[in-house]
Amino acid sequence: MYQYSEFDTDFIASRNAQFRAQVERRIDGSLTEDEFKPLRLMNGLYLQLHAYMLRVAIPYGTLNSPQMHVLADISEKFDKGYGHFTTRQNIQYNWPELRDVPDMLDALGAVGMHAIQTSGNTIRNVTADHFAGAAADEIADPRPVAELIRQWSTDHPEFQFMPRKFKIAITGSPNDRAVTRAHDIGLRMVEKDGLAGFEVLVGGGLGRTPMIGKVITDFLPQEDLLPYLEAIVSVWNQIGRRDNKYKARIKITVHEHGIDEIRRLVDDRFAILKSTFTGIDQQLLAHFVDQFAAPEFVTKSEATFKDAYHRDPIFRSWADTNITPHKADGYAIVSISLKKHGATPGDASAIQMRLMAELAKRFGHDELRISHEQNVILPHVHKSDLPSIHAALKAQDLATANIGLISDIIACPGMDYCALATARSIPIAQEIATRFDELKLEHEIGNLKIKISGCINACGHHHVGHIGILGLDRAGVENYQITLGGDHTETAAVGERAGPGFSADEIIPAVERIVTTYLDLRNEGEEFLATYRRLGLAPFKAALYPEAQANAA
Amino acid sequence: MPKPFTPKVVTANDLLIGDVIYQTISGWSRDLNDAEVLTDEAHADLRKIEASQQTNHVVGVYFMDIDASSSDSLQTKHFREAFRAKGPSNYAHGKQTAQTEVS
Chain F
1 MYQYSEFDTD FIASRNAQFR AQVERRIDGS LTEDEFKPLR LMNGLYLQLH
51 AYMLRVAIPY GTLNSPQMHV LADISEKFDK GYGHFTTRQN IQYNWPELRD
101 VPDMLDALGA VGMHAIQTSG NTIRNVTADH FAGAAADEIA DPRPVAELIR
151 QWSTDHPEFQ FMPRKFKIAI TGSPNDRAVT RAHDIGLRMV EKDGLAGFEV
201 LVGGGLGRTP MIGKVITDFL PQEDLLPYLE AIVSVWNQIG RRDNKYKARI
251 KITVHEHGID EIRRLVDDRF AILKSTFTGI DQQLLAHFVD QFAAPEFVTK
301 SEATFKDAYH RDPIFRSWAD TNITPHKADG YAIVSISLKK HGATPGDASA
351 IQMRLMAELA KRFGHDELRI SHEQNVILPH VHKSDLPSIH AALKAQDLAT
401 ANIGLISDII ACPGMDYCAL ATARSIPIAQ EIATRFDELK LEHEIGNLKI
451 KISGCINACG HHHVGHIGIL GLDRAGVENY QITLGGDHTE TAAVGERAGP
501 GFSADEIIPA VERIVTTYLD LRNEGEEFLA TYRRLGLAPF KAALYPEAQA
551 NAA
Chain W
1 MPKPFTPKVV TANDLLIGDV IYQTISGWSR DLNDAEVLTD EAHADLRKIE
51 ASQQTNHVVG VYFMDIDASS SDSLQTKHFR EAFRAKGPSN YAHGKQTAQT
101 EVS
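First to last, the sequence lines map onto chains F and W.
The first sequence begins at 1 in my numbering and counts up by one.
The second sequence begins at 1 in my numbering and counts up by one.
Misleading hints may appear alongside valid ones.
To be verified - Computed footprint of chain W on chain F; a stretch qualifies when at least three of its residues, placed anywhere within it, have a C-beta under 8 Å from a C-beta of chain W:
1. 43-50
2. 408-422
3. 470-478
As the list claims (entries may be wrong) - Simulated crosslink set (DSBU-like; lysine-lysine; CA at most 35 Å straight-line):
4. K245/F <-> K3/W
5. K306/F <-> K245/F
6. K86/W <-> K245/F
Unchecked claim - Computed spacing ranges between beta-carbons, pair by pair:
7. Q18/F <-> S71/W: 26 to 34 Å
8. E256/F <-> H57/W: 39 to 47 Å
9. R264/F <-> G60/W: 24 to 32 Å
10. Q96/W <-> E191/F: 30 to 38 Å
11. D103/F <-> Q96/W: 22 to 30 Å
12. D65/W <-> I272/F: 50 to 58 Å
13. S52/W <-> Y246/F: 22 to 30 Å
14. T24/W <-> D320/F: 38 to 46 Å
15. G536/F <-> Q96/W: 42 to 50 Å
It should be emphasised that the hints constitute simulated quantities derived from the structure, not laboratory data.
Glycine is no exception: its CB is placed at the ideal position from the N, C-alpha and C atoms.
Taking the hints into account, I'd like the entire structure generated from these sequences.
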């Protein structure tokens, strides 16, 4: 993976020194909160409901074991012994004190991590397929390109005060695990006539106005990427709306001007910018490709795996659910669930983080990934090591066999932590997972994605959940609205609102009615989303609102 | 006709720790029951201005509605304030753990 250069290290150290001085000036009264707030946000520091929150970027979701160890150490030394992994491939610390934050940033800097541009109207942490470099279905590893974008966008002088934030996601696989269609720019690595390039999507996004990204070009040659990205962002920076923050994202600009007009403006701008990129970016990219070279895979016996698989039903269940095919023979991708039934989705304790780091070091070529689905991945594991890994994970409550199932829920922090939230998310996720675990139905239900947001900003991706849940404040009471049929993959779709919302007490039984309806109506082997697409909203609506049916009759 | 003034408390976050604090007659407290209940609008506005001037100690000063009808304890009116007064529901953190004096 990418190793910081001297330039990177010096840059982070000088930014951290600046911020340390800014914190001191805030504490001694030289800076007011109005002056300090934009400075702390530039460095990832928020003030939430109960405490400060530090959001640390995990670029394209990739970590090595020393980095994971430092994340664990920070959580114990400066926080309450845990961290929260988010849908943006970040980790959030929920309880830092202001005086400690500069030390936290220095500790991160020592292992090549930072919190720069995890807030504010800038280009945010670049996200990528969490199976990058490992998946059997991949065309190319997207992380060298993601690193190029990270370096281009970090501290880019033109893009520090944009109309609004800007998010870029990239996938190197036709099976989209990076939600590229719901980002300001989505990049899909493709090949055409033997040449590497990108399909570029623009104007996707969730939030209060969910939109699926539109294709601005179906093939962009690889060497044109940075000037083309710069063209898109600068066109939007010029014409994006600054009069209304709710209409400022590029999805609205694309919607208002039309994709054809945006394409024309971007092409004009690209024609000017192209010559200003002298090819140094492509030299850098070649260097990054070397740094992200796949580990040396070996051929060895899979007997221990096969033996455990036949002998141990708990291991078998875990292997069937949490393992994804790897591109190398004999290897597997392990998804470690941070969704134990009843636990907080995405939270990992320091002890758990250290265990995962040690497993990566011992069995996984020292690599870890954080998924947007708030789980941790060991991307390169030989199958013969799976029984040992499973046994170690089990000892720390990390062996839940539920990846992709109904209890593998995405949930934002909601009103338990977030100052923007309108309702809580975490207890709803906990109760749904606990309930379906009691019913012992989740393997029978199969692939079903529930995504919960505690406000309209949709950090919990509810619009693209098969079942989406949005927490709102209705006349001073928490109220939960259901959307159905959302899809975050290459067949992306925004879910359809089912009808009036439910109270906190009613929402779990409502989800149960949806699932029961699906089980009653599905064809043999048909997944929830396929059943929904075949039948539409009507049968689920009837199950959700039996009173309305009775009244209409 | 303007709406009648309802009882309020001035609340904010502590600058250094970031946690929830309430304005008292003589300073700030982490316990809602110590808060000064404001029933007169002009006096309340004055107290909020005074709180807002203490920028070296507090951040994000605002009024929260309060139910002061019980003699035992002050009750929040909105669930958001109830969560602020208690802490998160997934762990016994925040105000559910031992509290210290506001410096």
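Against the structure, the hints:
| no. | hint | in the structure |
| --- | --- | --- |
| 1 | 43-50 | holds (count 4) |
| 2 | 408-422 | holds (count 3) |
| 3 | 470-478 | holds (count 4) |
| 4 | K245/F <-> K3/W | holds, 30 Å |
| 5 | K306/F <-> K245/F | violated, 56 Å |
| 6 | K86/W <-> K245/F | holds, 32 Å |
| 7 | Q18/F <-> S71/W: 26 to 34 Å | violated, 52 Å |
| 8 | E256/F <-> H57/W: 39 to 47 Å | holds, 45 Å |
| 9 | R264/F <-> G60/W: 24 to 32 Å | violated, 45 Å |
| 10 | Q96/W <-> E191/F: 30 to 38 Å | violated, 55 Å |
| 11 | D103/F <-> Q96/W: 22 to 30 Å | holds, 26 Å |
| 12 | D65/W <-> I272/F: 50 to 58 Å | holds, 56 Å |
| 13 | S52/W <-> Y246/F: 22 to 30 Å | holds, 27 Å |
| 14 | T24/W <-> D320/F: 38 to 46 Å | violated, 59 Å |
| 15 | G536/F <-> Q96/W: 42 to 50 Å | holds, 45 Å |
Consistency with the previously given hints fails for numbers 5, 7, 9, 10, 14, ordered from lowest to highest.
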